[in-house]
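Take each chain as given, in its own frame, and dock them per the hints.
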Amino acid sequence: MTEFQAAAAMGKRVQGRALVAKDGFSARYDLDRINGVFSRPEHKLAGQSYVGQILVLDAAKGGVATAWMLHEMSARGVMPAALVLNSINPIMVQGAALADFTMMSGFQVDITAVVPNGALVEVDPESDPPCLRILPLRSTPPNPDTHHG
Amino acid sequence: MRLNADEIAMLAGHAGPARQWAINHQMRVGRYLGAADFVPVSQAHIMADTESLGVAGVEWLERLAALPDNARCVRIPTITDPRGTDFAAAARLKQQDWMLALERRAITAFQSLGVLMTDTCINYQTIMPAVRGEHMAYGDTGVVIYANSVLGARSNFEGGPSALAAGLTGRTPRYGYHLPEKRRATLLLRIEFTPRELHDWGALGGIIGRYASDYWQVPALVGIDRIPTSDEMKHFGAALASYGSVALFHMVGITPEAERLADIADPSLTPTATITEPDLRTFQDAYRRRVDKVDVVVFSTPQLSLLELRDLAGMLDGRRTTVPLLVVTSPQVRPDADRLGITARIEATGAMVLSGMCFYQSYAREMAEANDWQSLATNSAKLVNILGGYGYRPALLSMQACVDAACAGRISA
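Chains A and B are the protein sequences, given in the same order. Numbering follows the numbering used here, in which position 129 of the first sequence is assigned residue number 129; successive positions increment by one, without gaps. Heads up, the numbering used here is the position in the second sequence plus 1000, with the first residue counted as 1.
Chain B with its partners taken away, still in its complex shape (with noise of 0.2 Å):
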């Protein structure tokens, strides 16, 4: 890789360890990738919850937390992704003192390093939304999708470590999706339904997922009626990133890299599938049917945004659930909602309204053993898709069949 002056020297030394580490750590990766060189980016985002970083990522974090304060430091504005848990819902969540404990760790090593401790999987809606053309190193497959697609910024996945690295020097190897010509469509899917809910959104996501395969596949898509909201953009992004790894889409006409087709595709791309509604709906079904019962309801995955919180109040208000009913949201949107009374309507069911954490990356195993939940129902196709893994049995439906389904403790037929 060409490095510059300031490349080299950090890559001597000359600014501290933590910033050797860093350099080095991103030309392995940039070597690995085919990047030339670095280039400089505006914002890091930083995925590291305890459950991934376990004991030794925490201990790996609080040696560089030792270093000199001049040694340590980020450089440019570097933010988290949602933590292992709600500090203030532990106990209720039936979390262990080791999590809490190892948490708290992670977080005073953060702000030694100086990260901003923002814990959301939403920063495009509440912090800082990216701008077109705007280079980023954002580690949330959610976070990516949405900047690279909807925002047009520039970004790859950013794994916590890169991410840091990316922090620590202010660049990141110019690979993948910072390139023009990666960004181009190589996958072309006609859509014959517009998705009206957010689970709908989800589910095209997924599909789509499965059909790109791979992280460097960038599908287009055609058809979509009509301009789809940002919460619905975040449903569709975060369920294509989780099942097909895929970090950038575009929508002909809609998203702004992709005004006509033939700006971002080649002539000699032709639809590799057409997706149809009943495809939504064996989609989800093949989740639904797994479930009758339900120990507990989960909106999540990403945070909830304020709309979304409004919306599930109105549906909840006047009932009460017999289940355990968690919502998620970004300690951003979370005063607002109290402020606005949201909160307490919601709470008010005996739902709990959890902030600055996601349910997937709060110990999921640990809280399901915990608390015996097995069969769980949840608008959001990435925690579906995720979850099985960790032992549930999870359940992909509307906002509305949810808030029923944690009323009556199981689905309705």
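Next up, chain A with everything else stripped away, as it sits in the complex (with noise of 0.2 Å):
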């Protein structure tokens, strides 16, 4: 298992499927929050669902809208189940402290280029200090929603 630091996280901790991309997240400007895909075309995830996945993603973008837009996403239920980013702005972090989200972020490396994506993985702030963690790949992936501790 392969483990990676990181400097702050919120939220509780959550197993599910990687969505890895080098590029930024704004709940505005990236997503089409209906029907729960990347919709801006230039995006590296475009046309992708991110709804239930753990995405790992590297830097907040956009205006402030992803502040309520993640309470939002969160009451009905289009939702990623946690976010991991190189680089946070204030938004996501106030985001994530109204919905309840799981949110991380800070790391020694570029965390986009060491997940694989597809991969298993489990985000854990309830650690000390906080972290990413790869786990071995099963047959039949958990649910993405299924929350421990």
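Rather than coming from a laboratory, the hints here were simulated on the basis of the structure. A quick note: this is a predicted structure, and the numbers were derived from the prediction, not measured. Built from N, CA and C at the ideal position, the CB exists for glycine as well. The reader is advised that the hints may include incorrect statements.
Unchecked claim - Only part of the chain B face toward chain A is listed, based on derived beta-carbon distances under 10 Å:
1) Gly1057
2) Thr1141
3) Ala1163
4) Gly1176
5) Ala1247
6) Lys1293
In structure tokens form, the structure reads like this:
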């Protein structure tokens, strides 16, 4: 099992499949939140569903709307399982705090370069320091919404 | 985080459940971002269009609004960013009844919380500009970057929940751009072409935003050869904040904290790039070449000042639009434009002057579907950056080229 320590995190421990890209994240700019897919044509994950995935991306982008939108997405259940970023902005933190959403950021490596797309990962904000673990692949993926601890 | 007696009392619930939620929320954010304590703020500005809030967000606001008077009202002047509609024009925009009903519920809730419904993203031009060194909790990226950079005020991006929390507590966690050491330049760019038109300023902001890459970068520009106007700074900052998630820039010799490069940058900081006129044209052409026929032309994002409206009216006089032309301003500017006859001149061409909303915050996807809008022309770089994700093909043009496109229904060669 490979483990990467993060500078900061919040939320609950969660496992799921990693959806990885060296690109940014903004709920307003990048997502079709009704259908649960990346919709900005230039985004490296354009057309892909984010629902139930652990998003592993580079940096928080865009404006302030994500602070409300994470809460709105969560209420409808059309939501990633967690968000992992190299670099956050305050909006992501504020949105995660309102939505009780799992988020992690600040690694000593480029996290998008070391987590394989599709890997089974665990995001653990409760460990000290918080960390992301790449788990052994199982034949049956876990329920990405499963929370532990 | 270190708390004073007032903050400890709020956290304990002695000031009611709204302020208890607010200070607890702010502490979660502050701990994540390394704040040592709180800093008092003199204003809060809330972005809360109902497309962002959703039903869940409106219900959440209504629960706060149902608290007793003394437990729910904000402690400092708290104002709002644009709403999701101009009620007077909603039918012409083909917005649906449920959108308007949700907007009305949100407005009622905010009013119960003591929030002033200013509905503007240009409050630095119209309501009360911040003063150098003043700590704020501003909630629109264009407002934050303008206040930080042009006015020398101190704010982070405060999303709607956090701006409301700041309104309720009168403070915000002290991290990021509230700290002098975080305001120093991290990125130096040499500018060889000082933009002339607003869409050029937006393009320059977009290019630098792409270099900046994240919120914690502070670009410094050298080489701007004249003092930009407030509207030019507005378009530049809005685009820089949009493309880069940047909250502060310096223009050496122009913005207040950067009289000299040495004031804001270490000697070791060397230019990352030189930006030329062809760079701006390449940026604009990348959008322009996707669009020929135009379905709608939009002036918005940020809302237009009185001087932008005057310039636009001058370009439209004696002409007739053939596709919808939407012109969005603030509720503060609109009465002056009406009184001075500017609104009438613009609307005589078939255009619509809207106030209190912003195009992308007004159910842009649903408006596109209802009106069969796909290709759009605008002079706002921020708007073209946002609208791709909403299914539009946007073109970034000058104000004059947008007017020509609105009259011809297509972009001139």
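Checked hints:
1. Gly1057: holds, 5 Å
2. Thr1141: Check passed: Cβ of threonine 1141 of chain B comes within 5 Å of chain A, closer than 10 Å.
3. Ala1163: holds, 8 Å
4. Gly1176: OK, holds: glycine 1176 of chain B within 10 Å of chain A, min 7 Å.
5. Ala1247: holds, 8 Å
6. Lys1293: At 19 Å from the nearest chain A Cβ, lysine 1293 of chain B fails the 10 Å test, so the hint is violated.
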